Amino acid sequence: MKAHTEHLMFQTKDRVEFINITPQVKEAVRRSGVQEGLVLVNAMHITASVYVNDAEPGLIQDFQDWLKSLVDVNKDYRHNLTGEDNAYAHLMRTLMGREAVVAVTGGKLDFGPWEQIYYAEFDGRRKKRVLVKILGE
Amino acid sequence: MKAHTEHLMFQTKDRVEFINITPQVKEAVRRSGVQEGLVLVNAMHITASVYVNDAEPGLIQDFQDWLKSLVDVNKDYRHNLTGEDNAYAHLMRTLMGREAVVAVTGGKLDFGPWEQIYYAEFDGRRKKRVLVKILGE
Amino acid sequence: MKAHTEHLMFQTKDRVEFINITPQVKEAVRRSGVQEGLVLVNAMHITASVYVNDAEPGLIQDFQDWLKSLVDVNKDYRHNLTGEDNAYAHLMRTLMGREAVVAVTGGKLDFGPWEQIYYAEFDGRRKKRVLVKILGE
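First to last, the sequence lines map onto chains A, B and C. As numbered in our numbering, the first sequence has no gaps in its residue numbers, which increase by one up to the final residue, 137. As numbered in our numbering, the second sequence has no gaps in its residue numbers, which increase by one up to the final residue, 274. As numbered in our numbering, the third sequence has no gaps in its residue numbers, which increase by one up to the final residue, 411.
Pulled out of the complex, with its shape left as it was, chain A reads as follows:
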């Protein structure tokens, strides 16, 4: 059995920003040498997401608009009484998800035609990490 671990670092310019991280995950799979296995990709911070969807800029804007329709950014959240102002980011991250688990088959991500792995930042402008863990052989 092989296990391979990488921690990717991101620091976005905007507070909310979506980044296609498929190339970095593919490269981690290549480096792992795993031919058959599973890859876990997860945000290590609780105001950010990893999700799988389309690399289409219009859809990414639709996601952001839709999140604002389900999460009131300006509400007086209890969490913000702690001095934080990012309760909305915890909620948006919950909708988009913490992690993706992806199969590795024949040494490659076993993906459908449009699947892309995204990092979604909801409280950026500081260093945040994403974990890539590959298990297999």
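Among the clues, some could well be false.
Pairs of lysine-lysine, DSBU-like flavour, derived with a Cα cap of 30 Å [unchecked claim]:
1. B/Lys264 / B/Lys245
2. C/Lys300 / A/Lys128
3. A/Lys75 / B/Lys212
4. C/Lys276 / B/Lys163
5. A/Lys2 / A/Lys13
6. A/Lys26 / B/Lys264
7. B/Lys212 / C/Lys382
8. C/Lys349 / B/Lys139
9. C/Lys402 / A/Lys108
10. A/Lys75 / A/Lys127
11. C/Lys349 / B/Lys163
12. C/Lys401 / B/Lys163
13. C/Lys342 / B/Lys212
14. A/Lys26 / C/Lys401
15. B/Lys212 / B/Lys139
16. B/Lys245 / B/Lys212
17. C/Lys382 / B/Lys139
In silico negatives: residues of chain B with every beta carbon more than 10 Å from chain A [stated by the list, open to error]:
18. Thr149
19. Asp191
20. Lys205
21. Tyr214
22. Thr219
23. Gly243
24. Trp251
25. Arg263
Below, a sample of chain C positions facing chain A; criterion: calculated Cβ distance under 10 Å [as the list claims (entries may be wrong)]:
26. Ile295
27. Leu333
28. Val347
The hints are simulated quantities; they were obtained by calculation from the structure and are not laboratory data. Computed from a predicted structure; not experimentally measured. Note that beta-carbon positions come from the ideal geometry of N, C-alpha and C, so glycine has one too.
Go by the hints and put chains B and C onto chain A.
Below, chains B and C without anything else, positioned relative to chain A:
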């Protein structure tokens, strides 16, 4: 370590349709010969979901009604400017999730009494695939 | 390859209650002896969630308020025609998620600074189980 991969194919008659795929996943686990491990089951298309919940027809209708309360099917989404008309399906799939990871214990799905694996199609009437990847020994 | 399985049991006093289960998962990882691998933690009941987020009481109340804004607790759901009164719990569990998959690196949960594993009960006051499955070596 054993790895076993199957790609299931679905073509629904309706655009939105939920299918219980537990029997197919159980059969894949049996074929894999894995006694202790993990199964990943994921939609390979980004307008469909795999989720775990109840096989109760009323609840499935409740899910579909609820998704319509959180996703405006008729909105002028930016994604639809590309010629698509399925932005709503990308959003609904995000709420229901892309994947389920299930334990295999003693050669069987390690499930609670009501857990069932569903494929939720939001933009059907064409061929779509679901990946079943089993890792263990 | 090692596989280790534990079933945790919970019976909450309130119908809706969130419990930090990170200590139990850490202890299961220690008992497994796995140094490099993956942990699956999932609710075995379909009206409860396992999710990763902050151990901050204000945020936990924010989560519960927010879920009520997206799921009408008092609606006449079709599922409730079966004699149940917990359709809302199936929907809330869907928003918060069924499972978390976490990496084990160097014998420990490979977590960011604020990541904590929670069990979210939406229809408690009876015995419910959570599965912890560890795969690795």
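Exercise. Where does the structure disagree with the numbered hints, that is, which hint numbers, in rising order?
Worked result: Going through the list in order, the structure violates hints 5, 7, 8, 9, 11, 14, 15, 16, 21, 22, 26 and 28 and respects the others.
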